[in-house]
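Letter by letter, the chains look like this.
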Amino acid sequence: METYQIYSLTSAVLFVIGLAGVFASGHFIKKIIATNIMGGGVFLCLVSFSGRDALAFADPVPHALVITGIVVAVSSAAFALSLARRIKQLTGKESFSNDK
Amino acid sequence: MTHLPTSPFPALLVGLPVLLAVLGLFFRARGRAAVGLAGSFLTAGLVFVAFFEVTQRGTLIHILGGWEPPLGILLRLDPLAAVFIGLTAVVGVVISLYSWWYLRAREACTGGFPLFWPLWLFLWAGLNGLFLSNDLFNLFVAIEVVGISAVALAVLSGSSAALAAGLRYLLAAIAGSMAYLFGVALLYGSTGTLDIGILGQVLEPGATTTFALLVITLGLMIKTASFPFHFWLPPAHSSALPPVSALLSALVVKGTFYLLLRLWTEVFGVSLTFAVGQFLGLAGAIAVIWGSWQALMQDRLKLIVAHSSVAQLGYLLMIFPLLVLAPGVTAGSADWLYPAWTAGIYQVLAHAFAKASLFLSAGIIVMALGHDRIQSLRDLVAWMPMTALAIGIAGVSLIGLPPSGGFMAKWMLLKGIFLSGQWWWAPAAFAGSLLTAGYVFMLLRLAFAPAREEGPFRPVPRILQVCALLLALGSFLIVLPAESLIRFLEGSEVFGTGIETIMEGGAYGND
Numbered sequence: 001m002e003t004y005q006i007y008s009l010t011s012a013v014l015f016v017i018g019l020a021g022v023f024a025s026g027h028f029i030k031k032i033i034a035t036n037i038m039g040g041g042v043f044l045c046l047v048s049f050s051g052r053d054a055l056a057f058a059d060p061v062p063h064a065l066v067i068t069g070i071v072v073a074v075s076s077a078a079f080a081l082s083l084a085r086r087i088k089q090l091t092g093k094e095s096f097s098n099d100k
Numbered sequence: 001m002t003h004l005p006t007s008p009f010p011a012l013l014v015g016l017p018v019l020l021a022v023l024g025l026f027f028r029a030r031g032r033a034a035v036g037l038a039g040s041f042l043t044a045g046l047v048f049v050a051f052f053e054v055t056q057r058g059t060l061i062h063i064l065g066g067w068e069p070p071l072g073i074l075l076r077l078d079p080l081a082a083v084f085i086g087l088t089a090v091v092g093v094v095i096s097l098y099s100w101w102y103l104r105a106r107e108a109c110t111g112g113f114p115l116f117w118p119l120w121l122f123l124w125a126g127l128n129g130l131f132l133s134n135d136l137f138n139l140f141v142a143i144e145v146v147g148i149s150a151v152a153l154a155v156l157s158g159s160s161a162a163l164a165a166g167l168r169y170l171l172a173a174i175a176g177s178m179a180y181l182f183g184v185a186l187l188y189g190s191t192g193t194l195d196i197g198i199l200g201q202v203l204e205p206g207a208t209t210t211f212a213l214l215v216i217t218l219g220l221m222i223k224t225a226s227f228p229f230h231f232w233l234p235p236a237h238s239s240a241l242p243p244v245s246a247l248l249s250a251l252v253v254k255g256t257f258y259l260l261l262r263l264w265t266e267v268f269g270v271s272l273t274f275a276v277g278q279f280l281g282l283a284g285a286i287a288v289i290w291g292s293w294q295a296l297m298q299d300r301l302k303l304i305v306a307h308s309s310v311a312q313l314g315y316l317l318m319i320f321p322l323l324v325l326a327p328g329v330t331a332g333s334a335d336w337l338y339p340a341w342t343a344g345i346y347q348v349l350a351h352a353f354a355k356a357s358l359f360l361s362a363g364i365i366v367m368a369l370g371h372d373r374i375q376s377l378r379d380l381v382a383w384m385p386m387t388a389l390a391i392g393i394a395g396v397s398l399i400g401l402p403p404s405g406g407f408m409a410k411w412m413l414l415k416g417i418f419l420s421g422q423w424w425w426a427p428a429a430f431a432g433s434l435l436t437a438g439y440v441f442m443l444l445r446l447a448f449a450p451a452r453e454e455g456p457f458r459p460v461p462r463i464l465q466v467c468a469l470l471l472a473l474g475s476f477l478i479v480l481p482a483e484s485l486i487r488f489l490e491g492s493e494v495f496g497t498g499i500e501t502i503m504e505g506g507a508y509g510n511d
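As you go down the protein sequences, you meet chains H and X in turn.
The numbering of the first sequence is my numbering, which starts it at 1 and goes up by one.
The numbering of the second sequence is my numbering, which starts it at 1 and goes up by one.
Careful, some of the hints might be misleading.
Claimed, not checked - Reference excerpt, derived from the structure (chain X facing chain H, CB under 8 angstroms, subset only):
id, residue
1, E107
2, I174
3, G189
4, T191
Unchecked claim - Okay, the calculated beta carbon distance ranges per label pair:
id, chain 1, residue 1, chain 2, residue 2, range
5, X, W293, H, G26, 25 to 31 angstroms
6, X, P228, H, H27, 51 to 57 angstroms
7, X, P481, H, K88, 38 to 44 angstroms
8, H, I67, X, L42, 32 to 38 angstroms
Note that these hints are calculated values from the structure, not bench results.
Here a beta-carbon is modelled for each residue, glycine too, at the ideal position from N, C-alpha and C.
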């Protein structure tokens with residue numbers, strides 16, 4: 001098995017764990033972490049493509065994409081965390097299950 | 001595609017609203033609102049000029065920083081993008097006017113929500129970016145800008161219900177864009193390019209392409225709130241401020257539909273199969289029936305309108321199976337594809353106007369009554385005839401009665417269903433219209449019913465009612481230029497030459 005195949009498989013597994021976590025777990029923080037695991041899988045997949053062809057240089061485009069993607073993911077996660085914190089302050093709830 | 005006429009318009013259409021949004025942040029409450037309203041008119045004016053330019057010169061492009069694709073990023077303003085940008089501008093300006101008066105009227109008790117204006121301009125910039133981008137990663141950034149500013153607008157009221165709905169919306173949006181990005185990564189890995197035009201030429205059918213198509217479609221379905229991922233839409237759209245609900249329902253969800261349409265036809269043209277189309281169509285058909293049924297079951301006006309959005313978005317997904325002929329059905333020419341296209345475009349236009357009008361009307365009613373329980377709509381016709389008329393007209397367009405824009409959409413959808421030999425979608429389309437008629441007439445019946453108590457309605461600024469009525473009328477006026485609009489759209493690659501290549505099962509004639 002070649003290195004990039006290991007990376008690709010790992011990223012697929014991470015993505016699925018994250019996707020399942022977003023829908024299955026109840027706690028806000030768990031859900032937010034799950035989206036970050038999804039992101040981790042995607043970024044791993046993308047960045048592993050840069051070393052795939054045995055070139056002298058790594059392909060720089062995936063690096064640029066991943067760094068942008070991470071910035072976006074961090075800001076979304078920060079926004080989600082601040083919403084979760086505000087909900088906790090207002091209602092004391094930490095998950096959607098005990099809504100209303 | 002670099003031979004097309006270049007123009008600064010595509011860059012300006014994204015840059016101007018961003019600049020105005022940032023400019024607004026330097027002012028305090030009143031000044032910010034003034035910058036916001038003036039900025040809306042300025043942006044709409046620019047859109048008007050750009051739209052005219054496209055009708056004269058055809059597709060315009062802008063190569064950012066002079067770096068040509070595949071490395072650089074190209075913005076493309078083709079007729080399809082121009083129609084969506086035009087729709088955003090027309091609906092956006094009316095909602096801006098409404099917001100100005102609405103937020104002023106509420107300023108005394110709740111504050112004027114000064115953050116509304118910069119966020120709305122950011123959202124506008126994101127939507128324009130989404131319509132213009134021709135690069136898969138740039139599109140990812142655009143849907144993130146749209147998603148984050150949309151959630152920020154949705155939680156603006158700060159109530160705990162709005163915050164919970166907003167968090168649900170945000171989590172769904174993040175999961176959706178990550179799935180989209182996963183598909184983009186796979187496409188980059190297999191082709192080494194992100195440019196839509198180049199991808200359309202080099203992409204070959206195969207397992208990776210099909211998988212990428214599925215993850216991207218899944219991600220965009222989550223973001224378009226199509227069944228079974230509709231759960232976040234009704235709470236988010238019904239708990240937001242009325243002008244925000246109108247923006248979210250009329251424009252934001254259309255952005256991801258537009259992307260789905262572009263990618264399906266321009267990138268994945270080669271790997272579209274009957275089965276994938278059926279899968280999307282089924283999700284749409286269930287959404288149409290389930291959403292309309294849920295709308296019928298609600299007793300609060302904003303929830304009815306929000307569930308109705310789920311159903312009306314279902315109609316949009318139902319056009320995708322119609323882009324592939326049923327097995328065993330043969331067609332001599334590309335004529336069978338046009339009705340499905342027309343249905344998609346008209347459903348977007350008609351729903352945007354009608355739904356914006358309904359949410360603005362709901363806002364007026366909440367302002368007049370203090371709540372939106374529909375039992376209190378009794379005698380609405382006598383107290384607020386203009387709003388009652390707006391609800392009636394918008395409702396008629398949602399049902400799809402002639403001569404509304406909704407009629408045009410549903411008629412063309414049925415035509416496409418029969419021409420492509422997929423009769424099994426027809427019952428869903430009919431049932432959706434019947435159920436829609438159910439909840440619209442339920443509202444109208446109450447509006448005409450005699451009041452039980454005297455004078456429950458507080459006065460509402462007349463201009464708000466005028467805005468809602470204008471949008472409702474818009475859902476009828478859009479049928480007037482139908483023929484020239486379709487001609488105009490044929491100038492874009494997805495709509496015109498692209499249709500012939502779907503016929504041959506080949507890649508898109510994108511250059």
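Right, here's what the structure says about each hint:
no., hint, verdict
1, E107, "23 angstroms, violated"
2, I174, "4 angstroms, holds"
3, G189, "4 angstroms, holds"
4, T191, "11 angstroms, violated"
5, X:W293 to H:G26: 25 to 31 angstroms, "28 angstroms, holds"
6, X:P228 to H:H27: 51 to 57 angstroms, "22 angstroms, violated"
7, X:P481 to H:K88: 38 to 44 angstroms, "51 angstroms, violated"
8, H:I67 to X:L42: 32 to 38 angstroms, "33 angstroms, holds"
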